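Work out the full structure, taking the sequences as your base and the hints as a guide.
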Amino acid sequence: MLDDFDRRILRMWQTEPEMTAADLAGALDVPTARVTRRIERLRETGVLRGVSAVIDWAALGYGVEVSLRIQIDKTVAGAFDAFMAAARKVPEVTEMQSFLGRVDLRLTVIARDMAHWQSLYRDRILTLPHIAEIEALMHVATVKTDQALPI
Amino acid sequence: MTAAIDDLDRAILRVIQTNATLSAGAVGRAVGLSQPAAWRRLRRLRETGVVKGRELNLDLEKLGFGVTVFLGIKLATKGQVSLEDFERAVSAIPEVRRVEHVLGRYDYRLRVTARDLPDFERVLRRRIMALRGVGEVEANVLVSEERLTGPL
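Protein chains in written order, with the working numbering: chain A, 1 to 151; chain B, 1 to 152.
Quick caveat, the hints were computed from the structure, so don't treat them as lab data. Hints are supplied without guarantee of correctness; some may be wrong.
Chain A is faced by these chain B residues, among others (derived, beta-carbon under 7 Å) [what the hints assert, rightly or not]:
no., residue
1, 6
2, 53
3, 55
4, 57
5, 63
6, 80
7, 84
8, 99
9, 101
10, 150
As the structure is a computational prediction, the values presented were derived from the model and not from experiment. All C-beta atoms in this analysis are idealised placements derived from N, C-alpha and C, irrespective of residue type, glycine included.
In structure tokens, the structure reads:
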């Protein structure tokens with residue numbers, strides 16, 4: 001489905017997502033319209049779901065990041081959906097993933113400081129429905145961030 | 001240091017979180033600002049580091065990377081292997097796309113992207129388990145993932 005030209009665009013763009021279609025066209029030495037059409041097609045076929053701005057929560061005063069690993073009580077019908085719907089309503093939850101494995105769901109939760117974390121954890125997290133077990137990993141540092149894929 | 005933002009900035013952030021390629025004019029229209037006013041705010045959000053960059057949201061499966069696995073890693077011999085050495089070695093593995101140092105049951109959390117399960121197994125056995133100092137490893141295969149707006 002993808003041809004070489006698509007791959008060249010994505011390879012370059014993913015290492016420098018700031019580039020515009022014109023920048024990409026300049027670097028690849030092709031007309032801008034050609035790059036624009038390809039990007040449109042990548043969006044239409046769903047290969048490119050979108051381009052998002054990345055927010056630095058620490059710059060907004062959210063210095064604490066916690067990864068919550070959750071096991072859901074699977075004896076309850078609809079427990080997953082109920083939990084996920086409730087978790088989406090907690091503003092400090094920035095990411096939610098589901099897994100096959102020992103962990104069912106994982107939430108990334110941010111907080112301004114430890115006092116804020118403690119109140120969030122008690123009032124908003126532990127009150128989420130159908131939690132069988134919960135375990136927290138406190139984020140210390142990001143050593144490597146999502147890097148370009150060998151497309 | 002915390003950057004001060006107001007409700008209009010928050011509205012702009014919500015817009016560009018899902019669509020970072022909109023022009024300043026389009027962002028302005030979405031939040032009720034003129035093009036120059038939106039442009040100034042976008043520039044300030046970047047300059048103050050609130051917006052730290054952009055990322056492409058790619059459908060990995062359509063690109064041939066069918067498996068994403070999160071690994072929790074506990075170092076076996078803390079004190080004997082330097083964290084820097086471990087971090088350098090694990091970061092050098094191309095399939096390891098994210099490395100986070102954490103506190104808790106595990107010491108590190110890795111995001112690994114592979115073509116399929118056999119490919120993942122190869123990376124796990126030959127590259128990750130072969131690293132010095134790796135103790136307990138837990139693998140969870142990603143099924144679904146959603147990014148949420150966050151406290152804006």
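Violations among the numbered hints, reported as their numbers in ascending order: 1, 6 and 7
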